[in-house]
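**Student:** Work the whole structure out from these sequences, hints included.
Spelled out from the first residue to the last, the chains are:
2 protein chains.
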Amino acid sequence: MDSQKKKALAAKGWRVGSTAEFLGLTPEESQYIELKQAFSGSLRTERLRQDVTQVELAKLLGTSQSRVAKMEAADPTVTVDLLLKALLVLGVTKKQLAKIIAWVPV
Amino acid sequence: MDSQKKKALAAKGWRVGSTAEFLGLTPEESQYIELKQAFSGSLRTERLRQDVTQVELAKLLGTSQSRVAKMEAADPTVTVDLLLKALLVLGVTKKQLAKIIAWVPV
DNA sequence: AGATCATATGTCATATCTGATATACCGTCA
DNA sequence: TGACGGTATATCAGATATGACATATGATCT
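Quick note, the sequences are listed as chains A and B, same order. For what it's worth, our numbering labels the leading residue of the first sequence as 28, then goes sequentially. For what it's worth, our numbering labels the leading residue of the second sequence as 28, then goes sequentially.
Keep in mind that the hints were calculated from the coordinates and are not lab data. Predicted model, so just to flag it, every value in this text is computed and none were measured. Treat the hints with care, as some may be off.
[To be verified] Using C-beta positions, here's what the derived DEER-type ranges look like:
#, chain 1, residue 1, chain 2, residue 2, range
1, A, K86, B, D78, 47 to 53 Å
2, A, A96, B, R71, 34 to 40 Å
3, B, G118, A, K126, 37 to 43 Å
4, A, L87, B, G89, 47 to 53 Å
5, A, D78, B, G68, 23 to 29 Å
6, B, V79, A, S93, 23 to 29 Å
7, A, E83, B, T80, 44 to 50 Å
8, B, Q77, A, K86, 40 to 46 Å
[Unchecked claim] Cross-link-like lysine to any residue pairs, in silico, SDA-like; alpha carbons within 20 Å at most:
#, chain 1, residue 1, chain 2, residue 2
9, B, K121, A, V119
10, B, K121, A, A125
11, A, K121, B, D108
12, B, K122, A, V107
13, B, K126, A, V133
14, A, K121, B, E61
[Stated by the list, open to error] Okay, the calculated bits of chain B under chain A, using three or more residues with CB under 8 Å as the criterion:
#, region
15, 56-64
16, 98-105
17, 121-130
Idealized CB from N, CA, C, for every residue including glycine.
**Tutor:** See the structure below:
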């Protein structure tokens, strides 16, 4: 993805599910972003479900609260790798991960 | 993951499924690597199934043949992001991605 | 109001990933 | 044998992600 599109997405924070479509992204780029948003959303849901704060999760991950906030905002500087590691640290199983992916909007 | 472990894995190429366990990795690190290997293996399978060469896939992705080779080798310098993008370019659906994850060895 | 807790946002130096290039390896076929 | 197609491996400069920090916002108390 070129940095133009990235900046545009950053500006919107990727908060709107269908934002990608209006930015001239290829289908693969859109799908990738939606996957990322799905992981990001699940991270927040699971963290809250376990009654864990961002500070506590940050400690578990060996990172900072601000980075956790960015993860949950699906910030463009956050990789899927990082999101997966965070979910795994919270004890999310592969089965649950599969469900998260399966539920990504078409 | 510290670079020590990373180097050790690189040396082994992560080719053996249970390699991670012998390197003092945390359960989450192992799970993450196994996920990566699963995506990596599926990428190769799907590419060959479609009768596409690494050079052709590289062109589709806007990258080089050598990088595709590293993707399929689950090289430590390859992110899950990149693997996902490659799978999506090959037309793999979210449903298929979910299956890939679900089949990661316990 | 002020204090406290949780989360969000912006910036930065450093670490890591990236595509590209060169080159090596390995079949197969003439 | 040599040439070719496909893949693997090593290296590197430039791009991007990383954790850390400072600071802002917002909610909930007394």
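**Student:** Does each hint hold? Answer for all of them.
**Tutor:** Outcome of the hint check:
At roughly 49 Å, the beta carbons of K86(A) and D78(B) sit within the given window of 47 to 53 Å. For A96(A) and R71(B), the hinted distance range of 34 to 40 Å is satisfied, since their beta carbons lie about 37 Å from each other. About 22 Å separates the C-beta atoms of G118(B) and K126(A), a value inconsistent with the hinted range of 37 to 43 Å. For L87(A) and G89(B), the hinted distance range of 47 to 53 Å is not satisfied, since their beta carbons lie about 36 Å from each other.
Between D78(A) and G68(B) the beta carbon distance is about 37 Å. The supplied range of 23 to 29 Å is therefore violated. Separated by about 41 Å at the C-beta atoms, V79(B) and S93(A) break the suggested range of 23 to 29 Å. One distance hint, 44 to 50 Å for the beta-carbon pair E83(A) and T80(B), holds here, with the actual separation near 48 Å. The hinted range of 40 to 46 Å is satisfied by Q77(B) and K86(A), whose Cβ atoms lie roughly 44 Å apart.
Between the alpha carbons of K121(B) and V119(A) the distance comes to roughly 19 Å, so the proposed pair stays at or under 20 Å and holds. Of the supplied pair hints, the one linking K121(B) and A125(A) holds, its CA atoms being roughly 9 Å apart against a limit of 20 Å. Our distance criterion of 20 Å between C-alpha atoms is met by K121(A) and D108(B), whose separation comes to about 17 Å. Taken as a hint, the K122(B) and V107(A) pair is honoured in the structure, with Cα atoms around 18 Å apart against an allowance of 20 Å.
For the hint pairing K126(B) with V133(A), the CA-to-CA distance comes to about 17 Å; that is within 20 Å, so the pair holds. A distance of roughly 10 Å separates the Cα atoms of K121(A) and E61(B); the hinted pair therefore holds under the 20 Å criterion. Counting residues of the region 56-64 of chain B whose C-beta lies closer than 8 Å to any C-beta of chain A gives 3; at least three are required, and the coverage claim holds. A stretch counts as covered by a chain when three or more of its residues have a beta carbon under 8 Å from one of that chain; for the region 98-105 of chain B and chain A the count is 0, and the coverage is violated.
Check result for the region 121-130 of chain B against chain A: holds, 7 residues qualifying (beta carbon to beta carbon below 8 Å, three or more required).
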